[in-house]
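Engineer: Sequence:
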Amino acid sequence: MKTFLKALVSPQIPENIGSVLIEWTFPEYIQRKRGKTWYLVVGVLVGLALLYAIWTMNILFAVILVLGVFIIVFQTYQPARQVPVVIGEDGVILDKTYYPYKVLKSFWIIYEPPDVKYLYLNFKTSVRNNMPIPLNDVNPIKVREMLLNYITENYEKDVEDFNETFSRMINIH
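Residue numbers (this note's numbering): 1285 to 1457.
Derived from the structure by calculation, the hints contain no laboratory data.
Keep in mind that the hints are not guaranteed to be accurate.
[Unchecked claim] Dumping the calculated EDC-like pairs for lysine to aspartate or glutamate here, alpha-carbon to alpha-carbon at most 20 Å:
#1 1389 <-> 1429
#2 1389 <-> 1374
#3 1401 <-> 1437
[To be verified] With beta-carbon atoms standing in for the labels, derived distance ranges:
#4 1361 <-> 1325: 11 to 21 Å
#5 1362 <-> 1306: 25 to 35 Å
#6 1428 <-> 1309: 12 to 22 Å
We treat Cβ as the ideally placed atom computed from N, Cα and C, and that holds for glycine.
Turn these sequences into a full structure, and let the hints guide you.
Structural biologist: What follows is the structure in structure tokens.
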């Protein structure tokens, strides 16, 4: 029973995914340098939001704020682990999850160095969001050439997702 539950939680990577075409790693999150001013502004904003949550008796909002503070503090002092990416003949492996090409609809690459270097994977199911994968120092042309053999490129997408832009602007990602 334990093995069955483990298989449900973390899908097994097949033994043979074909040849590895390209592989790289990226940090799980970007450790940004934040000055005292950033912490002061965020502290005041979170404090005001927490007072509002208490005043309106919105416990869930207060819990979410406290969790957000813990995550930011944790990320400040914990080094980011390296997440492996493997593009193979039969699919893409991201960390410990295997995505066969049959579940992927398309991809696109947004490359505006030095800050924006992402590969986006789009799934056939509408339930899943687009998956951004940082390219770091990997040659985007090589990644594009590899993926074009298996899935289509979406030429209409030419800007980075709003979430990525916004989180970089306010220095939280």
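Engineer: Is the Cα-Cα distance between residue 1401 and residue 1437 20 Å or less?
Structural biologist: Cα-Cα ~16 Å, so holds.
Engineer: Given the hint that residue 1389 pairs with residue 1429, test it: the Cα-Cα distance must not exceed 20 Å.
Structural biologist: 16 Å, holds
Engineer: Kindly confirm whether 25 to 35 Å is satisfied by the beta carbon distance between residue 1362 and residue 1306.
Structural biologist: Hint holds: Cβ distance 29 Å, inside 25 to 35 Å.
Engineer: Within 12 to 22 Å or not, the Cβ separation of residue 1428 and residue 1309?
Structural biologist: This hint holds: roughly 19 Å between Cβ atoms.
Engineer: Hey, residue 1389 versus residue 1374, does the alpha-carbon distance stay inside 20 Å?
Structural biologist: 14 Å, holds
Engineer: Is the distance from the Cβ of residue 1361 to the Cβ of residue 1325 consistent with 11 to 21 Å?
Structural biologist: Because 20 Å falls inside the window, the suggested range holds.
Hint compliance for this structure: every hint is met.
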